[in-house]
Amino acid sequence: MTAHLDLELSACLDEELDAAERTRVEAHLAGCAECRTALEDLRHLVRRAGTLDDRPPEQDLWPAISARISSESTADVVPLAPRRRRISFSVPQLAAAALALMAVSSGVATLAARGGFGAPPSVSAPAEVGMRAVGVTLPGQAALESYDTAIADLQQALDARRGGLDTATVRVIEQSLQVIDGAIAQARAALARDPNNPYLNGHLERSLGRKLEFLRQVATLSVES
Amino acid sequence: MSRTATLHAVAALALAVSAPALRAQNTLDTTLAARAGTRLSVNNMTGEVAVRAWDRPQIRIVAEYERARIEVDESPGHVSVRTTHRRSSSDVEFTITVPNGTAVEVAGVATDVDLDGICGEVSVNTVSGDVNARCVTDATVQSVSGNVTVTDARAAVELGSTSGDVVVRGARNDVSAHSVSGDISLSDVNGTIVTAETVTGDILYAGRIQDGGRYQFEAHSGDVTIRVAGNLNAAISVGTFSGDFESDFPIELAPGSRLGREWDFRLGNGSARLRLRSFSGTIGLRRGLAGSPREE
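As they're listed, the protein sequences go chains Y and V. Note that my numbering has the first sequence beginning at 0, numbered continuously upward. Note that my numbering has the second sequence beginning at 554, numbered continuously upward.
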């Protein structure tokens, strides 16, 4: 078995392979279920990315926050331009690309980044054993700091409009923030004891993403409430 | 051209003389023509919005209220219903009947929403109300403290509640559900991309794991329980920090995997991908539907 396809999948998706390359890729795909799955994953991600609804919140905070996240993590994130362009990232880089998508819409991108596009299982392993560990990209410090900055911005926006929300809603929001903050604190504490643990790194990142998304939702709550 | 009808004073006004309540109850009852593809949007600050379906090309709006102003705005392809309040808000109870398949958007604050049999695209955003929807296509539902229940979802649905529970009973397509402190229960889902995330709530998935599907379930302190109907062909990734993992299926860990952290294994041909995470809760992989919502 030859090595699994990587950048060729993106080129295949964009129909940018020449005849010889296409023949080679198709031959590999015919015999490699994992690469066929990865290609289908890519197709799905691109399809879903194209359908994401990037509506700004009422107070139009998100574009600035989103821009800041992008600008501070350019080393890790592949920018998604609105025009059609070649998608030339490697499979592991999809995790970072999906992080940017997650900031727009958490659902599908989260799945792609965390579950869908890790290193594929080895096809030569016995049926019941031998699946390779799912590839996990440890979040960079810059990415975590971007989360913190974005969260601080949204938290500030929430504080500013707290008086416009009814007390029951504010109470639910505060309680939920405490729950999320508690989870983040536990993840940070665990990570401090085991800093190279991929699960804990991913868990902390997702917890921060969850808080970001939550604050974003709160920022778009009806001002009449 | 937009035609706005302010129907507060001119609406059919009925004094609820037969009711024991002392305050007057106003009733609005109006019917509008609706061509195919007309969308309905309702903004009701407090009260209830119930939407039903019929096979007539008309939208009938019935509202019961005490102190409110109801505006019905009709433009080509769109009917908008909105309540406003001059001083303190009071409940407005809407019962609206729309043509089958109408796209419906509802926004509210303390507003319960009940959608039955519309079988169209649905978008609901409420702060403290519960949302129940039966037969929808694409649906996006968000509540802050209310429960969200969707039955018979015929296209992709995205559902969320901050402190309430999220329940899906029957879905033909993809499902994304999230909560902070509420539980998430998904049963009889036939989509191939299913995600559920909660922080302190529990997650229960009961049904088939489709070959080639992508499933991701993650909690922080809640339990994650998967009750599998039929065969299970999946590459499974489990991650926890201080929680437990229990399986009815025989598993063999991949070399290098560490129990108590994150590990992978494969069942059957491994075509589906199943990702299970709980920081401190119990992750359970169960064979059969015993104990699932349909069995209870």
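None of these hints come from the bench; they were simulated from the model. Note that CB positions come from ideal geometry on N, CA and C, so glycine has one too. Please note that a few of the clues may not be correct.
Chain V is faced by these chain Y residues, among others (derived, beta-carbon under 8 Å) [to be verified]:
#	residue
1	Ala186
2	Ala191
3	Pro194
4	Asn196
5	Tyr198
6	Leu199
7	Asn200
8	His202
Hints and how they fare:
| no. | hint | verdict |
| --- | --- | --- |
| 1 | Ala186 | holds, 7 Å |
| 2 | Ala191 | violated, 12 Å |
| 3 | Pro194 | violated, 13 Å |
| 4 | Asn196 | holds, 6 Å |
| 5 | Tyr198 | holds, 4 Å |
| 6 | Leu199 | holds, 6 Å |
| 7 | Asn200 | violated, 10 Å |
| 8 | His202 | holds, 6 Å |
Hints 2, 3 and 7 from the list above are not met by this structure, while the remaining hints are.
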